[in-house]
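Residues per chain, in single letters:
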Amino acid sequence: MTVSKIFRYSFLAIINSLIVYAIPLTLTYESWFLLSLIIVIGILINIVYFSDRFLPMKWILPGMIFMISFVVFPALYNSYVSFTNWSTGHILTKTQAINILEDRVYTPENQKGIEFDMFILQDSNLDFYYVANLDSNNILFGKAVSDDEIFTTSYANHEPSLFVNNEFITPDGYYLLSGKEQIANSTTLQDLSLIIDESTRVQLYKISVFGASSGRLSSTSQLYTYDDLNDVMINNADNLSCPVVKDNFVCDGKEIEPGWRVFVGGENYRKLFSSQRIRGPLGVVTKWTFQFAFLSVLLCFVVGLFLSMILNKDGLKFKRIYRAIFILPYAIPAFVSVLVWKGLLNPDYGLINSWLGPLYEIFDIEPIKWLTTKESARSAVLLVNTWLGFPYMFLITTGALQSIPKELIEAAKVDGASGLQSFWRITFPLLMVSISPLLIGSFAFNFNNFTLIFLLTGGGPPIIGSDVAVGWTDILISFTYKLAISGGRGNLFGLASSVTIIIFFIVLVISAISFRYTKRLERIYGNI
Amino acid sequence: METYKLFNWFKEYGWRHLFALLFVTFAIYPILFVATNSVADFANLTNSKLIPDGFTLKHYKLLSSNPLVPYYKWLFNTYKVAIIAAFFNVFLGTLAAFAFSRLQFRGRRASLLTLVIVQMFPSFLAFVAIYLLFFQISDVAPIMGLGTHFGLILVYLGGSIGFNSWLIKGFMDTISPSLDEAAKVDGATEYQIFSKIIAPLARPILVVIFVITFIGIYSDYILAAIFLKDKNLWTVAVGINTVFVDDFNADWGVIAASSVIAATPIAALFVFFQKQITGGLTAGSVKG
Numbered sequence: 001m002t003v004s005k006i007f008r009y010s011f012l013a014i015i016n017s018l019i020v021y022a023i024p025l026t027l028t029y030e031s032w033f034l035l036s037l038i039i040v041i042g043i044l045i046n047i048v049y050f051s052d053r054f055l056p057m058k059w060i061l062p063g064m065i066f067m068i069s070f071v072v073f074p075a076l077y078n079s080y081v082s083f084t085n086w087s088t089g090h091i092l093t094k095t096q097a098i099n100i101l102e103d104r105v106y107t108p109e110n111q112k113g114i115e116f117d118m119f120i121l122q123d124s125n126l127d128f129y130y131v132a133n134l135d136s137n138n139i140l141f142g143k144a145v146s147d148d149e150i151f152t153t154s155y156a157n158h159e160p161s162l163f164v165n166n167e168f169i170t171p172d173g174y175y176l177l178s179g180k181e182q183i184a185n186s187t188t189l190q191d192l193s194l195i196i197d198e199s200t201r202v203q204l205y206k207i208s209v210f211g212a213s214s215g216r217l218s219s220t221s222q223l224y225t226y227d228d229l230n231d232v233m234i235n236n237a238d239n240l241s242c243p244v245v246k247d248n249f250v251c252d253g254k255e256i257e258p259g260w261r262v263f264v265g266g267e268n269y270r271k272l273f274s275s276q277r278i279r280g281p282l283g284v285v286t287k288w289t290f291q292f293a294f295l296s297v298l299l300c301f302v303v304g305l306f307l308s309m310i311l312n313k314d315g316l317k318f319k320r321i322y323r324a325i326f327i328l329p330y331a332i333p334a335f336v337s338v339l340v341w342k343g344l345l346n347p348d349y350g351l352i353n354s355w356l357g358p359l360y361e362i363f364d365i366e367p368i369k370w371l372t373t374k375e376s377a378r379s380a381v382l383l384v385n386t387w388l389g390f391p392y393m394f395l396i397t398t399g400a401l402q403s404i405p406k407e408l409i410e411a412a413k414v415d416g417a418s419g420l421q422s423f424w425r426i427t428f429p430l431l432m433v434s435i436s437p438l439l440i441g442s443f444a445f446n447f448n449n450f451t452l453i454f455l456l457t458g459g460g461p462p463i464i465g466s467d468v469a470v471g472w473t474d475i476l477i478s479f480t481y482k483l484a485i486s487g488g489r490g491n492l493f494g495l496a497s498s499v500t501i502i503i504f505f506i507v508l509v510i511s512a513i514s515f516r517y518t519k520r521l522e523r524i525y526g527n528i
Numbered sequence: 529m530e531t532y533k534l535f536n537w538f539k540e541y542g543w544r545h546l547f548a549l550l551f552v553t554f555a556i557y558p559i560l561f562v563a564t565n566s567v568a569d570f571a572n573l574t575n576s577k578l579i580p581d582g583f584t585l586k587h588y589k590l591l592s593s594n595p596l597v598p599y600y601k602w603l604f605n606t607y608k609v610a611i612i613a614a615f616f617n618v619f620l621g622t623l624a625a626f627a628f629s630r631l632q633f634r635g636r637r638a639s640l641l642t643l644v645i646v647q648m649f650p651s652f653l654a655f656v657a658i659y660l661l662f663f664q665i666s667d668v669a670p671i672m673g674l675g676t677h678f679g680l681i682l683v684y685l686g687g688s689i690g691f692n693s694w695l696i697k698g699f700m701d702t703i704s705p706s707l708d709e710a711a712k713v714d715g716a717t718e719y720q721i722f723s724k725i726i727a728p729l730a731r732p733i734l735v736v737i738f739v740i741t742f743i744g745i746y747s748d749y750i751l752a753a754i755f756l757k758d759k760n761l762w763t764v765a766v767g768i769n770t771v772f773v774d775d776f777n778a779d780w781g782v783i784a785a786s787s788v789i790a791a792t793p794i795a796a797l798f799v800f801f802q803k804q805i806t807g808g809l810t811a812g813s814v815k816g
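As given, the protein sequences belong to chains D and S, one line each in that order. My numbering numbers the first residue of the first sequence as 1 and each following residue consecutively. My numbering numbers the first residue of the second sequence as 529 and each following residue consecutively.
Read the hints as simulated data drawn from the structure, not as lab findings. Please read all numbers here as calculations on a predicted model, not as lab measurements.
Quick list of in silico lysine-lysine cross-link-like pairs, DSS-like style, CA-CA up to 27 Å:
id: 1; chain 1: D; residue 1: Lys271; chain 2: D; residue 2: Lys246
id: 2; chain 1: S; residue 1: Lys608; chain 2: S; residue 2: Lys759
id: 3; chain 1: D; residue 1: Lys313; chain 2: S; residue 2: Lys803
id: 4; chain 1: D; residue 1: Lys313; chain 2: S; residue 2: Lys539
id: 5; chain 1: D; residue 1: Lys413; chain 2: S; residue 2: Lys539
id: 6; chain 1: D; residue 1: Lys58; chain 2: S; residue 2: Lys724
id: 7; chain 1: S; residue 1: Lys539; chain 2: D; residue 2: Lys319
id: 8; chain 1: S; residue 1: Lys712; chain 2: D; residue 2: Lys58
id: 9; chain 1: S; residue 1: Lys712; chain 2: D; residue 2: Lys5
id: 10; chain 1: S; residue 1: Lys803; chain 2: D; residue 2: Lys317
id: 11; chain 1: D; residue 1: Lys317; chain 2: S; residue 2: Lys539
id: 12; chain 1: S; residue 1: Lys539; chain 2: D; residue 2: Lys406
id: 13; chain 1: S; residue 1: Lys803; chain 2: D; residue 2: Lys319
id: 14; chain 1: D; residue 1: Lys317; chain 2: S; residue 2: Lys533
id: 15; chain 1: D; residue 1: Lys5; chain 2: S; residue 2: Lys724
Please model the complete structure; the sequences and the hints are all you need to start from.
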């Protein structure tokens with residue numbers, strides 16, 4: 001056995017023991033998707049590294065595992081989630097929801113409202129003891145315990161000797177707390193209870209400074225019992241039988257929380273396209289996503305091309321310095337630039353408004369409340385994105401311009417073409433040949449430019465009257481984010497996933513166009 | 529005659545300088561504004577002076593003294609996550625690229641094509657599923673679940689490894705095959721060809737890809753924001769954009785200082801590798 005073989009087999013042993021460890025856990029938590037992922041990866045690893053038949057895969061698999069686990073699988077999972085009702089209130093599986101419901105307790109009617117005298121004692125260890133005088137047959141005495149200790153404590157005992165002629169006698173070794181001392185300890189006492197039997201306990205109810213304090217029974221009777229034969233939940237308090245309606249148990253027309261996640265077919269998609277209060281905002285967001293991506297590319301391209309044109313001149317001084325500075329905005333991480341621009345655009349103190357101050361005065365108009373109205377927020381987003389994006393366009397157009405043969409332009413000049421003519425007829429078309437795939441790429445990037453939108457405006461200002469959290473500058477991806485994570489209306493994972501699927505398809509179409517347009521696929525295929 | 533000369537100069541060059549200067553101002557003003565405010569005694573949003581009245585480092589010091597804003601911890605987290613993820617990204621990408629470039633096997637074209645197609649979709653698109661998947665992983669293996677750097681690194685690894693393998697493969701194709709054929713004749717194993725010949729020769733592109741990946745992860749907001757809930761585990765991108773939301777004017781000096789610290793190393797890397805990065809970007813987009 002060679003060293004490499006020992007190494008290989010011990011590596012496989014470790015991987016397989018991890019898998020064996022993880023599988024029962026995924027079963028317990030009913031994480032079916034994770035389970036299938038683990039099984040697929042496990043099979044792949046074992047096939048590839050046990051046999052010698054898949055040599056090249058030994059090199060590829062390590063990287064591929066991560067791509068399968070965190071790109072391909074999530075994409076599939078995403079499609080699955082979009083067909084479920086997965087959202088706040090429906091996060092759990094049915095078994096988990098039943099377990100939670102079966103842990104709920106209630107106080108039966110016949111035990112409610114009974115009050116009785118309570119005496120609170122303390123022993124030398126400063127532990128608390130309760131004496132509950134329910135009636136002459138039930139004078140219960142025992143250690144008062146917190147919730148964690150309930151199941152490890154013995155039940156209270158009947159101790160008639162504590163009362164003589166209906167007068168309470170403090171037993172030896174204990175100290176009786178006065179009303180004032182009870183108040184001083186009330187936060188501790190609140191959490192303590194005296195355990196009577198499996199389902200009943202005594203808790204301190206009212207503290208009295210003058211007479212005896214009173215206690216109350218509280219029961220831990222199980223509120224719900226699941227009947228798995230009929231698939232109904234029995235409410236023990238009201239003796240109701242609560243049948244399953246889709247994704248909840250329903251008692252007397254009322255849904256019991258929590259529900260569980262179920263497959264709902266195309267309901268999320270129907271909601272997106274038919275519910276007026278979602279369809280409206282979704283339409284606004286989709287339209288703006290296209291406008292935003294298109295205008296961003298256009299503005300950056302126009303500025304970038306203009307700048308590379310004016311620097312594309314022999315004998316121009318400071319060319320290198322200009323170039324170096326034009327690239328700077330691109331070198332700074334977007335999350336920093338956006339933060340700075342947020343400061344510049346601040347409507348009250350920001351420099352943009354103080355510069356525009358004279359203009360506001362001349363034309364006698366209200367200062368623009370940047371980022372707080374639809375128009376100002378949208379213009380601001382485009383302004384900042386132009387700043388962020390023009391350097392890239394400047395770089396690529398500079399490269400492309402330099403690769404256009406000078407003789408072509410000269411020849412056109414000789415033939416009597418004006419500067420503009422030679423630009424539109426020669427330079428621009430040639431430029432577009434090499435630049436257009438990059439423009440499409442840039443469009444696709446801005447289509448999902450979450451960082452800019454979310455950090456600059458948070459998608460705001462909000463669109464009033466919509467059913468979901470959404471704003472005027474939200475693009476599809478930030479809209480999805482709000483639905484799933486931060487919208488303040490819970491986590492609508494199912495609905496959010498269905499929006500993601502729409503984005504997937506749009507990106508697919510954009511890529512298809514770009515492949516078609518530039519014959520990229522053929523080139524790639526010829527290249528490998 | 530003089531005016532004519534001047535007019536001619538303007539027509540040829542002058543107007544170009546005019547517009548260039550205009551856009552130089554546009555490009556550089558926000559940067560200078562932040563840089564000077566980070567060292568200005570009275571830093572606030574209205575402070576448009578590019579040469580501050582009084583020079584101070586107090587904003588930088590404030591960043592290390594406020595337990596509510598553990599800035600340097602964020603910085604450390606960011607470097608930790610980005611360096612580890614970028615390293616493994618390049619390492620695993622190189623292994624895969626070697627197989628794609630040097631080994632013949634069935635399904636090679638198909639798998640390469642799959643790589644390219646999968647990478648058209650940004651990995652954060654499926655963030656809902658990633659979140660839910662890691663929600664489940666948290667139950668089974670808490671050390672790599674939601675809220676951990678480990679889990680976040682795993683996601684970053686998956687996100688760009690395909691594209692990186694593709695770029696590295698492209699570079700390896702340009703290394704002459706006669707080198708490894710000669711080695712093979714001399715009895716070198718596959719592993720030796722990789723570690724002694726191909727990997728060392730590919731080092732320039734590996735450095736560039738490491739830098740690109742590092743910058744990408746450093747600048748990520750969405751995945752880090754979804755993953756990390758504990759303030760002490762945040763990255764800079766999440767931290768400064770979560771903490772500085774209310775009183776921009778009062779905090780401006782500190783915001784400026786934190787921006788300068790976060791941006792300078794990245795900008796320096798970018799400027800240093802600018803040719804390779806933009807070359808890689810365009811070559812990548814044109815080729816695949």
